[in-house]
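Chains as they are written, first to last, in the numbering used here: chain A, 1 to 104; chain B, 105 to 284.
Don't read these hints as lab results, they were simulated from the structure. For every residue, glycine included, the Cβ atom is placed at its ideal position computed from N, Cα and C. There could be a bad hint or two in this list.
[Unchecked claim] Computed footprint of chain A on chain B, listed as stretches where at least three residues anywhere in the stretch have a Cβ under 8 Å from a Cβ of chain A: (1) 106-115; (2) 129-140; (3) 144-155.
Letter by letter, the chains look like this.
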Amino acid sequence: MLSMFKSIPTHMDYKGQKLAEQIFQGIILVSAVIGFIYGLFIQQFGWTVYIMLAGFTVSCLLTLPPWPMYRKNPLSWQPAMPETPGENREKPQENPSQKKKKHK
Amino acid sequence: MNTVLSRANSLFAFSLSVMAALTFGCFITTAFKDRSVPVDIHVSKVMLKNVDDFTGPRERSDLGFVTFDLSANLQPIFDWNVKELFLYLTAEYSTKSNALNQVVLWDKIVLRGDNNKLNLKEVKSKYFFFDDGNGLRANKNITLTLSWNVVPNAGILPLVMGSGHKSLAFPESYETAKSY
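All chains should be built: construct the whole structure from the sequences, respecting the hints.
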């Protein structure tokens, strides 16, 4: 069953990761300020916690799943080199620069 | 930030840090408040007995019975950082053998949301008013004060004495057992 979860695509590109981090930090800080002021106004700390939890849930929904807005700048990979035994022996220098490193 | 789990981890940790800062803010807004209110105590009945005290070192000790009325408005104390108040009524006096005696006669827990205007009449003491010896007889000056312990959501737990006290005197002789 774990393999089913692992096959769901969850990657974002780098600009998308930065955007997601900015979004959730902004939402949590804004809901913290709103919650603090509202709790101070009605003199109940419970409401501050509730508003914070609402902000946490909203930012979970917005930043955890990989929405399309986080995939706007995909990395451009080099085209794959055809692998034949002859080429490996003849051009040993060019292989490290063109070796693909796939981030998960 | 490149798997769901690492994003969830940083989101949760950031929320907890912000929550801790909010709790500190809640503490700071109420840390220097004065939590004392005026209290009115009235005593209706005082009686004194000399009985066997099995918890003390001597044969017989003085046992006092006090019936009192209490009224206080505790509404100004409750703010967003107060969870409950622990009220207790103290009797303070001095005898020949001890310079200072303090005995708790009665206590009550008042939660936030409970009726916070205290107006009790004809309350009997909850705990025994034993003296360490026989110093209550003919003692002219016993002071009753109401104090409370403020239990906050975040911060220090202060012990506050209400402003207002009542002095009473105990009779000269013991009350003997009634004959039926």
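In terms of beta carbon proximity below 8 Å, does the segment 106-115 of chain B have 3 or more residues touching chain A?
holds (count 7)
Against chain A, does the segment 129-140 of chain B show at least 3 residues with beta-carbon separation below 8 Å?
Since three or more residues must qualify, the claim that chain A covers the segment 129-140 of chain B holds, with 3 doing so at under 8 Å.
Can you take a look at whether the segment 144-155 of chain B is actually covered by chain A? Rule is 3+ residues, C-beta closer than 8 Å.
Since 0 is below three, the answer is violated.
In summary, the structure is inconsistent with hint 3 from the numbered list given earlier, while agreeing with all the others.
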